[in-house]
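Build out the structure end to end from the sequences listed, making use of the hints.
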Amino acid sequence: MKQPASQVAISDIGRARLDPAAAIEFVSAPGFGGVSVFVGRVRDHNHGRAVTGVSYDLFDALALQRFAEIVREVEAEFGPALRLYVDHARGRLAVGDLAVLVAAGTPHRDEAFRACRALIEAVKHRAPIWKQEHYADGDSAWSEGCSLCHPDDPAADVDRPPRPAHTHAH
Amino acid sequence: MRVELALFGAFRQFDPGARIELELVNDARVADLRLAFAGYAAAHWPGFSPGLLARSAFASEREVLRESEPIPADRRVAVLPPVSGG
Numbered sequence: 001m002k003q004p005a006s007q008v009a010i011s012d013i014g015r016a017r018l019d020p021a022a023a024i025e026f027v028s029a030p031g032f033g034g035v036s037v038f039v040g041r042v043r044d045h046n047h048g049r050a051v052t053g054v055s056y057d058l059f060d061a062l063a064l065q066r067f068a069e070i071v072r073e074v075e076a077e078f079g080p081a082l083r084l085y086v087d088h089a090r091g092r093l094a095v096g097d098l099a100v101l102v103a104a105g106t107p108h109r110d111e112a113f114r115a116c117r118a119l120i121e122a123v124k125h126r127a128p129i130w131k132q133e134h135y136a137d138g139d140s141a142w143s144e145g146c147s148l149c150h151p152d153d154p155a156a157d158v159d160r161p162p163r164p165a166h167t168h169a170h
Numbered sequence: 171m172r173v174e175l176a177l178f179g180a181f182r183q184f185d186p187g188a189r190i191e192l193e194l195v196n197d198a199r200v201a202d203l204r205l206a207f208a209g210y211a212a213a214h215w216p217g218f219s220p221g222l223l224a225r226s227a228f229a230s231e232r233e234v235l236r237e238s239e240p241i242p243a244d245r246r247v248a249v250l251p252p253v254s255g256g
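Chains as they are written, first to last, in this note's numbering: chain Z, 1 to 170; chain R, 171 to 256.
Warning: the hint list may mix true and false statements.
[Claimed, not checked] Examples of chain R residues lying across from chain Z (beta carbon under 10 Å, computed):
no.	residue
1	Asp185
2	His214
3	Leu235
4	Pro240
5	Arg245
6	Gly255
7	Gly256
Just so you know, the hints here were simulated from the structure itself, not pulled from any lab data. Small disclaimer: the values here were computed from a predicted structure and weren't measured. Think of the CB as a built atom: it goes at the ideal place given N, C-alpha and C, for glycine as much as any other residue.
Now the structure itself:
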């Protein structure tokens, strides 16, 4: 039976860690000479504040739907010779922990780099995932992010930049 | 009809259960839910910022909903503040 060409997942940090070796293995194939992997880790500072950890909240059902949509879009752009992997952590992570892991395997490096970049950008901007930073002074704050409102929807009376432009830092 | 609204991200801080119920007219649309939620939040949550809701979307488990769409048949909706994954 033919193996699926993509895998998407959410990993509860209390039960499982993100595994780059598993991602590389999944996107590898005998005809693929290029594998690109992006690993997002929790850093120890943001906007000049010392960060001790990050909590990730996800709307699981919709996040998995969005991951699958994103994978289909990347496959349409870079496939069919392509294997993709997406995994995002949920729960409280410490500095240095892996928060997100995406990988792309292709015959050559150029498509691998570009597919991997397309995957991570779409996951960051379009998946229902929220990050709460915990600071050394005991304070916590939810990060600014990208609105998921339909860009042509009139309801949210907010001065929202058109996609894909956005002004916040990542 | 009663609609169950799940809260995520920054909205979680306002309700320990991260879930509220709102009463809407039977043919309500997402825009009606937004209005009802804004009223509920203003009445129950000191410190609530209307700006957060203005940048938030509503969604079922399968898709982000447009304002003109009817409430899903299962009457379960989530409110999604701006996202910040990765």
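Structure-inconsistent hints, enumerated in ascending order: Violated: hints 1, 2, 4 and 5.
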